[in-house]
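Q: Chain residues, written in single-letter form:
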Amino acid sequence: MTTDTARNIRVLIAKPGLDGHDRGAKVVARALRDAGMEVIYTGIRQTPQMIAEAALQEDVDVIGLSILSGAHLELFPRVVEELRTRGVDDVLLFCGGIIPQDDIPKVNAIGFKGVFGPGTNTNDIIEFVRNNAPQRV
Amino acid sequence: MDAPELIAGVRAGDRRALARSITHVEADTVIGRALLAGLYPHTGRATTIGVTGSAGVGKSTFVAALAREQRRRGRTVGIVAVDPSSPFSNGAILGDRIRMQDLTGDGGVFMRSMASRGNLGGLSEMATGVVDLMDAAGFDIVILETVGAGQDEVEVATATGTTVLVTTPAGGDEIQSMKAGLMEIAQVMVVNKADIAGADTAVMQLRALLAIASERTWEPPILKTTAREDKGLDEVSDAIDRHQAYLKGSEHAEQERRALAQSQIVALARGLVQRRALAFARAEGILGQLVDDVAARRLDPRAAADALVDAVQRNWSRSE
Numbered sequence: 012m013t014t015d016t017a018r019n020i021r022v023l024i025a026k027p028g029l030d031g032h033d034r035g036a037k038v039v040a041r042a043l044r045d046a047g048m049e050v051i052y053t054g055i056r057q058t059p060q061m062i063a064e065a066a067l068q069e070d071v072d073v074i075g076l077s078i079l080s081g082a083h084l085e086l087f088p089r090v091v092e093e094l095r096t097r098g099v100d101d102v103l104l105f106c107g108g109i110i111p112q113d114d115i116p117k118v119n120a121i122g123f124k125g126v127f128g129p130g131t132n133t134n135d136i137i138e139f140v141r142n143n144a145p146q147r148v
Numbered sequence: 061m062d063a064p065e066l067i068a069g070v071r072a073g074d075r076r077a078l079a080r081s082i083t084h085v086e087a088d089t090v091i092g093r094a095l096l097a098g099l100y101p102h103t104g105r106a107t108t109i110g111v112t113g114s115a116g117v118g119k120s121t122f123v124a125a126l127a128r129e130q131r132r133r134g135r136t137v138g139i140v141a142v143d144p145s146s147p148f149s150n151g152a153i154l155g156d157r158i159r160m161q162d163l164t165g166d167g168g169v170f171m172r173s174m175a176s177r178g179n180l181g182g183l184s185e186m187a188t189g190v191v192d193l194m195d196a197a198g199f200d201i202v203i204l205e206t207v208g209a210g211q212d213e214v215e216v217a218t219a220t221g222t223t224v225l226v227t228t229p230a231g232g233d234e235i236q237s238m239k240a241g242l243m244e245i246a247q248v249m250v251v252n253k254a255d256i257a258g259a260d261t262a263v264m265q266l267r268a269l270l271a272i273a274s275e276r277t278w279e280p281p282i283l284k285t286t287a288r289e290d291k292g293l294d295e296v297s298d299a300i301d302r303h304q305a306y307l308k309g310s311e312h313a314e315q316e317r318r319a320l321a322q323s324q325i326v327a328l329a330r331g332l333v334q335r336r337a338l339a340f341a342r343a344e345g346i347l348g349q350l351v352d353d354v355a356a357r358r359l360d361p362r363a364a365a366d367a368l369v370d371a372v373q374r375n376w377s378r379s380e
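Protein sequence lines, in the order shown, are assigned to chains A and B.
At position 60 of the first sequence the residue is numbered 71 (our numbering), and the sequence of numbers has no breaks.
At position 11 of the second sequence the residue is numbered 71 (our numbering), and the sequence of numbers has no breaks.
Chain B with its partners taken away, still in its complex shape (with noise of 0.2 Å):
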């Protein structure tokens, strides 16, 4: 299929053409980039849910139970889940399904595993790009589920309009350590395996902390869940709805638009800057004649990027 039949049978909810389009959307192909440009004035209908949390909070369970709450709440979902890739092999082990297998035979959802690849952030590059699909493709909600590498997550909320943290009891000092960064990014903070001993106090330290972070028009709820039972969730998905007039109504909301624009642009941008660069620069030597030099210690570290970032200006402004 090329790129307009497969614009055309995304559009049509071609379950199929969908599935193709993401991996031409992954792999960054011609006809991936083709497929971004021609559906992405088609986006901006569903709604984004962003979420995350450390590993072993139960955040597949959690989308699981999400994403059948949403259903019964007669609304169709897409729902990408990002495991880590190996750093010594880039394989990687996609393991989201295991905890969604009920969900495999509804066919008013789309699930689709992808691996970090290596990126910084915890969120694959293209991740964002396979959102803008499944909107696209008409779902009502697309949930993007990250993998837990704590702090770096706050790419998740470049990525989607409601971002969903999720922790446990059993993560008391592991909260207390995040303070900065993830607080901020979350407009919804969930306590999840609530049945186990600590909940409470997991609630009262999330408040303590929002309470000493930066001032804020939406006040993000906490709410306790028991996702492997179910349990919780019809509070979550109105947390989340609430969160989603508040974003249309706010008078901010073209600001909001505006910021989560630029930090895709920026995200992408760095990506494709830093790829570039170094292929020139490997390809050139550059990079292994400055390697040398580090490592006889003729030269230091911040002088050899210097060095490389300099060749690469100058080439790219003599192919202009």
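Only chain A is shown next, with the shape it has when bound in the complex (with noise of 0.2 Å):
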């Protein structure tokens, strides 16, 4: 029998710069596994680089960024950047946390496809990251 298996969808939570607020990502991260996603949690507290590398090693289909700090737009384009270095291009991209409505076109423009901010219900997130996500192997 040659048929593959059928491959969960790997999805990488991560915190990136100076906010410890981790709530809203461990509950995303935890909704994403009762949708039977393998999701690779990082921590507080990343770098851009640490986010890429992590990505890269895991092979994700996609990337969750929560950010409570204000700091997105300085962040989520040096994530991008160092996404691109390392070759990693065909990841879907979504974000949660504190982001202002005049902000939400920039993020989308950046590369992050959707936007999710506080009160959204977590089986908009699940349905958004079944729908997008790529399809690898």
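A portion of the hints provided could be inaccurate.
Unchecked claim - Lysine to any residue pairs mimicking SDA-like chemistry, simulated, CA-CA at most 20 Å apart:
{"id": "1", "chain 1": "A", "residue 1": "37", "chain 2": "B", "residue 2": "159"}
{"id": "2", "chain 1": "A", "residue 1": "124", "chain 2": "A", "residue 2": "134"}
{"id": "3", "chain 1": "A", "residue 1": "37", "chain 2": "B", "residue 2": "148"}
If you're looking for bench data, these hints aren't it; they were derived computationally from the structure.
Could you use the hints to bring the two separately framed chains together as a complex?
A: Structural data, given as structure tokens:
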């Protein structure tokens, strides 16, 4: 029999920069796990290099960043740049946390297809990931 | 990237090629099987170390500290960390990188998290293949950390040359309950969190258990570590080196290699047989029928299992 076994969606959940509030990240990580995904959680205070390197080594399909510090317009482009440097060019990016309404188009333009603020139903995130995760192997 | 490109990439030390290759092997794709076939002849150079122990003994912290010690010795390190999948959703939270953050920026380290995907024995079935990929990629040391599930981890010994069993001072009663199985597969024993009370007692308990274990040519050392503070890893690394030298120099070396090869083949074949048999029995409605019969108590489960295996056997001999 040569049928390939089904592959679980792999998601990296990380918190870039210097904020320690990881409740939101953990809630999302758990929701995605309960939806059958494999979630790599790297913890708080991640540099853009650490996030990109983890994404490369883990060969994730999706990266979700949680940020509440207000530094998203500083840090997100650097994450994307670090990913590009490593040739990681086929991952789905989304983010959550405190992203002001005016910044959402900018964050979208950087490459973050989904932006999920406080009060988001986790089912919406699950659906977004399922519908948009790239099919790799 | 196709299989030949990935094989060339892995052998050249391309990290992205290695990462994608692991994905293929883990998903057991056609490309993944071609990768294993192409790369296996280039394995056998790395020192492979299994690290196992119950949940909460500090395995991830220990592995990170061991990796740092190996880096101090100038060796490159590949790490495969297996965490349990949820039996309900098949999902998993893989958190080993939290304890290994400082290693992420080190170009001499490559770390991959894997979910156990419900495999019996705690060890992801494909983990041995991932260890082989890292070996072929040229890492000097490959560490396989397995899910903390107790006795089931005997299987880790089928994937690595030296197995390290990690316990804690608080695990006294637990050590008692281990006895056979884990004790027999570990070549290095570690009492981690040695800075809390009872470490010496735990060492004594392990020693007493080893004394009643079956006769052996390798005497497992019992060492104390405080991995959180990077303490004791020098001695652990020395012990691993001694065991590796013993393996290579031993008159039983060939025998050991054959035993390892056999257990790997059997473990993988068992998984394949099980999946193919169940897929056939489900598709043909045989399983459903037997379930009906057993649930209604017309048939006992043992007889139903016989009937299932007979049906599979008939089908397989027809398709020859």
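Q: For every hint, state whether the structure bears it out.
A: Hints and how they fare:
1. A:37 <-> B:159: Given pair residue 37 of chain A, residue 159 of chain B holds - Cα atoms ~16 Å apart, limit 20 Å.
2. A:124 <-> A:134: Given pair residue 124 of chain A, residue 134 of chain A holds - Cα atoms ~16 Å apart, limit 20 Å.
3. A:37 <-> B:148: Distance ~19 Å between residue 37 of chain A and residue 148 of chain B Cα, so the pair holds.
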